[in-house]
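Asks: Single-letter residue listing:
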Amino acid sequence: MNGDLLHILQFVISAVLMAGGIFFVIAGAVGVLRLPDFYTRMHAAGMTDTLGAEMILLGLIVQAGLSQTSLKLALIAFLLFLTSPTATHAVIGAAHHAGLKPKLGKYRALAPGEEPLAKSKAKAQAKSKVKSARKSRAKKRVK
Amino acid sequence: MIRSVIILLMVLAAYWLTLSGYFHKPILLIMGVISIFIVLALSWRMKILDSETVPYFHGKALGYYVWLFVEITKANMGVVKAVLSPEMEISPTITKVPMKQSTDLGRVTFANSITLTPGTIAMEMCEDTILVHALLAEMTEPSGFIEMSDRAGWAVSDPMLGVIEQGAG
Numbered sequence: 005m006n007g008d009l010l011h012i013l014q015f016v017i018s019a020v021l022m023a024g025g026i027f028f029v030i031a032g033a034v035g036v037l038r039l040p041d042f043y044t045r046m047h048a049a050g051m052t053d054t055l056g057a058e059m060i061l062l063g064l065i066v067q068a069g070l071s072q073t074s075l076k077l078a079l080i081a082f083l084l085f086l087t088s089p090t091a092t093h094a095v096i097g098a099a100h101h102a103g104l105k106p107k108l109g110k111y112r113a114l115a116p117g118e119e120p121l122a123k124s125k126a127k128a129q130a131k132s133k134v135k136s137a138r139k140s141r142a143k144k145r146v147k
Numbered sequence: 506m507i508r509s510v511i512i513l514l515m516v517l518a519a520y521w522l523t524l525s526g527y528f529h530k531p532i533l534l535i536m537g538v539i540s541i542f543i544v545l546a547l548s549w550r551m552k553i554l555d556s557e558t559v560p561y562f563h564g565k566a567l568g569y570y571v572w573l574f575v576e577i578t579k580a581n582m583g584v585v586k587a588v589l590s591p592e593m594e595i596s597p598t599i600t601k602v603p604m605k606q607s608t609d610l611g612r613v614t615f616a617n618s619i620t621l622t623p624g625t626i627a628m629e630m631c632e633d634t635i636l637v638h639a640l641l642a643e644m645t646e647p648s649g650f651i652e653m654s655d656r657a658g659w660a661v662s663d664p665m666l667g668v669i670e671q672g673a674g
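Going down the list, the sequences are from chains A and B. Start counting the first sequence at 5; every next residue gets the next number (the numbering used here). Start counting the second sequence at 506; every next residue gets the next number (the numbering used here).
Because the hints were derived from the structure by calculation, they are not lab data. Beta carbons: idealized from backbone N, C-alpha and C, even for Gly. Among the clues, some could well be false.
[Claimed, not checked] Beyond 10 angstroms from chain A on every Cβ pair, some chain B residues (computed):
#1 T523
#2 H529
#3 L534
#4 I543
#5 V544
#6 L547
#7 S548
#8 M551
#9 K552
#10 V584
#11 I599
#12 P603
#13 E632
[What the hints assert, rightly or not] Pairs of lysine-lysine, BS3-like flavour, derived with a Cα cap of 30 angstroms:
#14 B/K530 with A/K76
#15 B/K601 with A/K107
#16 B/K565 with B/K530
#17 B/K552 with B/K565
#18 A/K105 with B/K601
#19 B/K530 with A/K110
#20 B/K565 with A/K76
#21 B/K601 with B/K579
#22 B/K601 with B/K586
#23 A/K107 with B/K579
#24 A/K107 with B/K565
#25 A/K110 with B/K586
#26 A/K76 with B/K579
#27 A/K105 with B/K586
#28 B/K565 with B/K579
#29 A/K105 with B/K579
#30 B/K565 with A/K110
[Claimed, not checked] Covered by chain A, according to a simulated footprint, are these stretches of chain B (three or more residues, beta-carbon under 8 angstroms):
#31 586-592
#32 645-659
Can you build the whole structure from these sequences, using the hints too?
Replies: Shown next as structure tokens:
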């Protein structure tokens with residue numbers, strides 16, 4: 005009877021942890037879709053591989069109990085803890101070195117009926133900026 | 506040198522045992538020992554056995570990671586709130602954060618901690634500053650970075666420059 009209760013408790017804890025992890029992964033995916041530019045999108049992507057992945061792994065560790073499998077899962081969690089910020093930093097650093105300008109200052113999402121005119125203008129500006137940056141780089145290469 | 510050899514030996518043995526799980530098959534155990542010694546010999550010949558390849562953690566680092574996990578959870582809440590709210594009011598900012606760590610391990614630990622915390626990403630490391638991109642302007646408060654810097658330096662027992670200056674003055 006006692007063992008049954010422990011099993012149920014183990015199941016509930018792991019289910020709660022995994023559900024929380026899935027929530028953060030989905031929130032990160034929504035963030036990647038909604039946020040305006042590359043740099044801010046990386047923040048949402050970082051959310052999925054910190055708390056999202058770690059909570060799912062923690063839930064799986066609880067599910068596996070004390071065994072070799074849980075040790076392996078802990079190893080994966082530890083390696084993710086070290087490698088995911090390194091990968092994020094590498095991607096952001098590459099964008100920074102390539103000269104991608106981040107959007108700064110205040111930003112607000114459009115209301116459902118709002119005209120996306122300002123947004124398209126900003127997009128066109130950003131595009132022309134990227135183009136000019138490419139052109140200048142191409143010129144440098146020629147030189 | 507001898508210390509890093511011993512640490513690498515122990516780490517490799519623990520790694521092999523964790524991944525294979527063979528405790529009662531002598532042939533496989535012997536194979537594992539042989540492969541560990543081959544790796545040791547190779548890294549000895551390559552002369553890469555130093556504090557950079559074998560960074561060793563002590564108990565303090567574990568306490569630091571527990572604190573960091575709590576901070577990550579708190580910061581995640583802020584980012585989730587900002588992203589899922591219909592208005593999505595964000596204010597991306599770039600700030601320079603002073604970095605007082607003097608060893609490479611201390612600098613990497615601090616920069617990685619900044620990137621791990623959602624809402625702040627380390628963009629570039631300079632001599633004694635880090636360029637940080639933040640999703641919300643209120644995430645760039647200096648007091649938070651100072652606390653994280655102090656704790657990261659403490660976790661890898663880094664002789665931090667700022668602390669020494671304070672002690673002298």
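Asks: It remains to establish, for every hint, whether it holds in the given structure.
Replies: Hint by hint, here is what the structure shows:
Taking the minimum C-beta to C-beta distance to chain A, about 5 angstroms, the non-interface status of B/T523 is violated against the 10 angstroms cut. Annotated as non-interface, B/H529 keeps its C-beta farther than 10 angstroms from every C-beta of chain A; the closest such distance is 13 angstroms. No beta-carbon of chain A comes within 10 angstroms of the beta-carbon of B/L534; the shortest separation is about 15 angstroms. At roughly 22 angstroms, the least C-beta separation between B/I543 and chain A is larger than 10 angstroms, which holds for a residue marked as non-interface.
No beta-carbon of chain A comes within 10 angstroms of the beta-carbon of B/V544; the shortest separation is about 17 angstroms. Even its closest Cβ contact with chain A, about 22 angstroms, leaves B/L547 beyond 10 angstroms, as expected for a residue assigned away from the interface. With a minimum CB-CB distance of about 19 angstroms to chain A, B/S548 clears the 10 angstroms threshold, and the non-interface call stands. Against chain A, the non-interface label of B/M551 holds: every CB pair exceeds 10 angstroms, the least being about 22 angstroms.
Even its closest Cβ contact with chain A, about 24 angstroms, leaves B/K552 beyond 10 angstroms, as expected for a residue assigned away from the interface. Look at B/V584: its CB is around 6 angstroms from the nearest CB on chain A, not clear of 10 angstroms, so calling it non-interface is violated. Consistency note on B/I599: stated as away from chain A, yet its beta-carbon is not over 10 angstroms from all of that chain's, at 7 angstroms minimum. Taking the minimum C-beta to C-beta distance to chain A, about 18 angstroms, the non-interface status of B/P603 holds against the 10 angstroms cut.
For B/E632, the shortest C-beta to C-beta distance to chain A comes to about 16 angstroms, beyond the 10 angstroms cut-off, and the non-interface label holds. Simply put, B/K530 and A/K76 have alpha-carbon atoms about 20 angstroms apart, close enough for the 30 angstroms limit, and the pair holds. Proximity of B/K601 to A/K107 is assessed by CA-CA distance (about 17 angstroms); at most 30 angstroms being required, the pair is judged to hold. Distance restraint check for B/K565 and B/K530: the Cα-Cα separation of roughly 36 angstroms exceeds the 30 angstroms cut-off, and the hinted pair is therefore not satisfied.
Among the hinted pairs, B/K552 with B/K565 is consistent with the structure: their alpha-carbon atoms are about 29 angstroms apart, no more than 30 angstroms. A hinted pair counts as satisfied when its Cα atoms are at most 30 angstroms apart, and A/K105 with B/K601 qualifies at roughly 16 angstroms. As the CA atoms of B/K530 and A/K110 are separated by approximately 63 angstroms, the hinted pair breaks the 30 angstroms bound. A hinted pair counts as satisfied when its Cα atoms are at most 30 angstroms apart, and B/K565 with A/K76 qualifies at roughly 23 angstroms.
The hinted pair formed by B/K601 and B/K579 meets the criterion: a straight-line CA distance of about 22 angstroms does not exceed 30 angstroms. At most 30 angstroms may separate the alpha-carbon atoms for a hinted pair to count; B/K601 and B/K586 meet this at roughly 25 angstroms. Of the pairs offered as hints, the one joining A/K107 and B/K579 holds, with about 25 angstroms between alpha carbons and a cut-off of 30 angstroms not exceeded. For the proposed pair A/K107 and B/K565, the alpha carbon gap of about 39 angstroms is over 30 angstroms, so the pair is violated.
Distance restraint check for A/K110 and B/K586: the Cα-Cα separation of roughly 16 angstroms lies within the 30 angstroms cut-off, and the hinted pair is therefore satisfied. Proximity of A/K76 to B/K579 is assessed by CA-CA distance (about 27 angstroms); at most 30 angstroms being required, the pair is judged to hold. Between A/K105 and B/K586 the alpha-carbon distance is near 26 angstroms, which keeps this suggested pair within the 30 angstroms criterion. Distance restraint check for B/K565 and B/K579: the Cα-Cα separation of roughly 22 angstroms lies within the 30 angstroms cut-off, and the hinted pair is therefore satisfied.
With a C-alpha separation of about 29 angstroms, the suggested pair A/K105 and B/K579 falls inside the 30 angstroms cut-off, and the hint holds. Simply put, B/K565 and A/K110 have alpha-carbon atoms about 40 angstroms apart, too far for the 30 angstroms limit, and the pair is violated. With 4 residues carrying a beta carbon less than 8 angstroms from a beta carbon of chain A, the region 586-592 of chain B meets the three-residue requirement, and the given coverage holds. Restraint check on the region 645-659 of chain B versus chain A: 0 residues with Cβ-Cβ distances below 8 angstroms, three needed, restraint violated.
Against the hints set out earlier in the document, violations occur for numbers 1, 10, 11, 16, 19, 24, 30 and 32.
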